[in-house]
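Novice: Each chain, written out:
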Amino acid sequence: MPIRKALVTAANPRQRTLPLQTLIDQRGETKSALQIVLEEAAGAGVEEFCVIVCPGDETAYAEACGALRSRVRFIAQPAPRGYGHAILCGREFVGDQPFLHLVGDHLHVAQGAVSCARQLIDVAVAENASVSAVQPTRESQLTSYGAVGGRLIGGDRPLYQIDTVLEKPTPTIAEQQLIVPGQRAGFYLCFFGLHVLGADIFSILDENLAAAPDKSLGLSPALHTLAARRRYLALTIAGRRYDIGAPYGLLLAQLALSLSGRDRDRVLTQLVELLAVRAD
Amino acid sequence: MSLRVTDLIASADPATRDTAIDTWCAGRTVAQLLADCTELDSYRRRETNLYQRVRALFFLTAIHRYHLPARPDLPRLGRVPYDGFRHLLERRFEEAISVFAAAQATHGPSETLSSALASAHHALAFQTLADQVRRTVRSTRGNAWMFRLGHPLDQPLRVRPELLAPATASSPSAHPLLRERTPVRMDLTHCGWSDIFFLGMDFPEGARVLNISIDLGVHGRDAAPRPPVEAFFRVIDEPVIRLASVDLEATACLTTLDEVFDFGRDYLGLLKAALIAAGLVPPGIERSGASLAELLGTIFGPGRGFELVSNVNRIPKGSRLAVSTNLLGALIGVCMRATGQIRSLTGEMEESERRIVAARAILGEWLGGSGGGWQDSGGLWPGIKLIEGAAAQPGDPEHGISRGRLLPRHTLLGRDRIPDAARQKLSESLVVVHGGMAQNVGPILEMATEKYLLRSEPELGARRRAVATLDEILALLSAGDIRGLGRALTENFFGPLQTMIPWVSNRYTEQLIARTRDAFGEDFWGFWMLGGMSGGGMGFIFAPHRRAEAQTRLLEIMLATKRELQASLPFAMDPVVYDFAINEHGSVAALLSGADALLPVEFYQLTVPALLRRDARDLTPRERTDVAQFTKTARTTPAFSAALPTLLDRLLPSSGDTSRNTSSLDTLLAENGFDRAQHEQIRTDLRAGRIGLAMNRLAPSTRIEDVPAADLFNIHTAPAALRAAGEAALRRGECAVVTYAAGVGSRWTQGAGVVKALHPFAKFSGQHRSFAEVHLAKSRRTAALYGADVPHIFTTSNLTHTPIEAYFRAHHAAALDRTVFLSPGRSIGLRMVPAVRDLVFAWEETAQQKLDEQKEKMRDSVRAALTNWARTVGEGADYTDNLPGQCLHPVGHWFEIPNLLKNGTLARLLAARPQLRTLLVHNIDTLGATLDPALVGWFQSSNATLGWEVIPRRIEDHGGGLARVDGRVRLVEGLALPRESDEFNLTYYNTNSCWIDIDRLLALFGLTRAELADADRTAAAVRTMAARVPTYVTLKDVKKRWGHGQEDVYPVAQFEKLWGDMTGLAECANVFAAVPRQRGQQLKDQAQLDGWARDGSAAGIEALCRW
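Chains as they are written, first to last, in my numbering: chain A, 1 to 280; chain B, 10001 to 11107.
Keep in mind that the hints were calculated from the coordinates and are not lab data. Note that CB positions come from ideal geometry on N, CA and C, so glycine has one too.
Partial pick of chain B residues on the chain A-facing surface, computed with a CB cut under 10 Å:
id : residue
1  : 10141
2  : 10153
3  : 10336
4  : 10352
5  : 10355
Listed below are the simulated SDA-like cross-link pairs for lysine to any residue, each with C-alpha atoms no more than 25 Å apart in a straight line:
id : chain 1 : residue 1 : chain 2 : residue 2
6  : A       : 168       : B       : 10141
7  : B       : 10855     : B       : 10087
8  : A       : 168       : B       : 10154
9  : A       : 168       : B       : 10139
10 : A       : 168       : B       : 10158
11 : B       : 10857     : B       : 10086
12 : B       : 11040     : B       : 10564
Required output: the full structure, derived from the provided sequences and hints.
Specialist: Have a look at this one:
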């Protein structure tokens, strides 16, 4: 079944301006981060978009959508009640079909011609299951991401069946619980900021919300439950994610885009010049 | 098919596998045993299974240590290659084994080489086991990441935001306190030390422990039992780590990574190990050159650090309740909670969290160079639990390497297994005490491991009984049958435990049990040994209606027994009785803020005086808050207001104790004829470098050659006529025995200072007997055999005279001054702070045993601190900062015989027994020395002045030997040999047993029997002779006790003259005899005891005695 809808979360009050940041994409065009995220999804066949935002951010975000503006709907999360709650806000938009979920503060750069979202959607459709994109990540960065444990099932593909999902674990906990045979020591499969999820995630989020209505609702505990109930997969994407909310994240994302695009030589030349000047 | 020795290790049949190596070796010849060794050696080199390799190594040890030497046709004489010995010291055990094996192939087997091979295989076996535990600890899931982290930016841990909140509205820069409170653990039974990691990993089904978490209080001091272990954590606004141990009264501020990894520089090694094991400063970052402030900034935010405070509520060291492991657990726990490695910031831990804290505690113990059993962190768990070894499963780091996992399985025994009523009954009957003894339990654990791997009978049977005992004890506890429990525990102590390791008991413990039984009769239900050995933490079980009385009475019994035995056994403190309660929560944390954010009152006593001395304007906001917090609390809380006087005392330096100590030392010096002028001369020489360790040695040009067997009298080939002559002399009463009893067993008790002569070191004929008792029993037997009294003289020193005299008056009053004589020492020295050059010489220029990596680091760090101590206090300064008795030293056994002349003992003896002509003089620990008639006959017929007994050298025999020095056959001290390697060319080792012809010796001194009555002439003769023998400078380790059972060891300089140097005097006629090892070997170290019992030496000594 094709994936036609994408849900983008951008309602973190501490990072509400991040998707509005301006970058130059691989083609050398100036765009907002949000537009690059939406185009990633559009390039993978998504037709309708929903962005979860903080109340009052709709107008600014709408202006940052570029040519896709007409296909984007905005839903305000009334209060910052967690990542999972932001997803839950998109329930009505998604309906009962699987959907692509992207986080608004991550940009993705594929290694080859096939975009990261396309790689993910192709596998999700072929496997008919929820699939999260993951990237082997050094343990020193574990506390910035959700991470999964499981076993390799893909044969020649880097596809895993997930049995455990933990949000920002310490390496102490990760070593004990996020065991992935064959994974290099000190590396864990951490979320990439791209997921294809079935609509059943909403009912799990609902349950979790009902169980602890006063607590912040996370997505990772719901995904952990999903792994226990359904076949839930992880795919190591041939590409890299860039968290533009991290220190120097925006700079690194811009460099990654430029170095994989039209202006590669120009940027490289300037980098070398910068290095030469600051060689001491 | 016939069995091979390796089948005992590799056979699929358990009965074959459990065959003892002793059974296998029985009846085998030297050639067969050597063939077995070859087979075992190639087996252990090709075998991949860790435990099978280790077992083969222990088999090799046993064959070389016990079975080959027991064969009469094994050649006794050989040499240990020096380079092999160096390999051994450097812990290159494989290389050492290769060198020794090559020597065996070239020169043939010998007892000497077998001793070297036994020692190398033994050390390699333990190193293999220890390495494996370390590898497993490092690769345990949850620990491994810390060893990969090498840069501050890689630090993934972040402090929990709750700990960054302001503690109070008025002081935003003070942060809340996180407090972890942890009980300690008691073990009801440990199934024969089955909680040793090695045993649990090889024999998980036999590794079973019943373990209880308890709160503790000192009876009569504390209002109620409470979790004795506390750890506090708080964020501070300085980029440093502050550490404080309120019990050790030590604080430190760490500003660099090197300081964090420097365990020996202060008393805070445990806290450092905890913060490293908790991952705050991960072990992987050591020596990275990174900045501590940067690392702390990553975790806590720029400019911040943390403070860690420990408190064990003044529970004394050596309680056998695993206080230090549980403190380590609490410290690690609080650090892990603070950084989100444990999910819950407060409250109890989850099971998986306790396990990871326990694994980190093992890591911390390894980092700190200490070690415990795997049940020791039991205080983290609540209530009563069964802790058992667990088989390694696929996926475990241990799988394929050892049969069991490193970490055991904990099963909490709920009220369905042990009802409330049973718990209540246990509490109503049990009295937990600390007997006051502090002993090193390490050798016991090594013995238990070795015996298990050798599967020797009767130890194997005892181990099986101990495993079965656990089920019995569990059933009795479940049924609330405390009387039965007491009986089972007592049987376990006197049965399986003592069968496996006889040294777990001692005279003190057995007297306590006997006296308690006398006092309480049927109402004393049983004895319970806590931990690795008895004498420290112990339990006594009583009928409930007499428990309260028992708490008081038992303290009296312990105090009285301690007073009787304190000269002969090492006590670290006065005994105490504890109050205890079962803790049903395990380790629990609380977040304290506002007025509740209080550290222990002792912390303020320790830190506030220093703050008050500073200008108020210079105090940081945190320091101001601490002072304000303390002041405010002192107004309302009695415990805090009561601390004020002590706090004020600390503001002013006090000199009361020091002056008292000095005056009693001066009195002792005056009473014991201390020669101040000579002392000052020695100090001047020491400071000027004219004397010192390096100057003890003979000139490098000295020719040192070995002495062939043909030059010695051999007791084995003694003609019958000599024996008959000796027997006749004994019948005529011509012989007496002199035992050196001036020493305080420095090696035996690691410097604790007990009278070695009175130390009840082993059981003979069912009772613990002291060295003095054994020597008297031998003389008693000789007297009975030949129908003539054997006068026995004990030479004493200022340190030993009073206790020895008191002992003889109490136990041998009739014999004292009739057949038993005391010869009080009249020479004394005052120890000095050593010269740094001598410390460096001792540590760097002489061959030293290299330790494992962590222990080596610890030792380097301690040595740096000691060097600094010597510089600060002053090289050559008088050593007075200890108990007066520990500041004095005997001046060497050369003076013992001259003292007999000077103090009139010999004159009195000769007056009463004019027929006396021969003395046998020997060390207190040379248990085999007797008036053997063959030796009496040999010596009397030799016409020599002195006759010396030597034995074929084994690798453990250090300290010189018999040599031809520039052509003259003489004894030479190890410290006088020009090169350390010289000693390894000497076949014979000096036993220090010496035969003396009284008249010839007097003549040598220029005296006659009649002139002995002239004190001045005798003194002058002794002075003249003393000037002709060399004076050696030596370093001795001296223990200083402080706090609650804490101990420090200091190397101090002292001087001695040695009797063996008489052989260097040209006019002294000497003869030498080679005697069997059993006669000449000395017991210097407690770790020797087990081998001494196993190789038949103990039985041999018993046969020489009459009780």
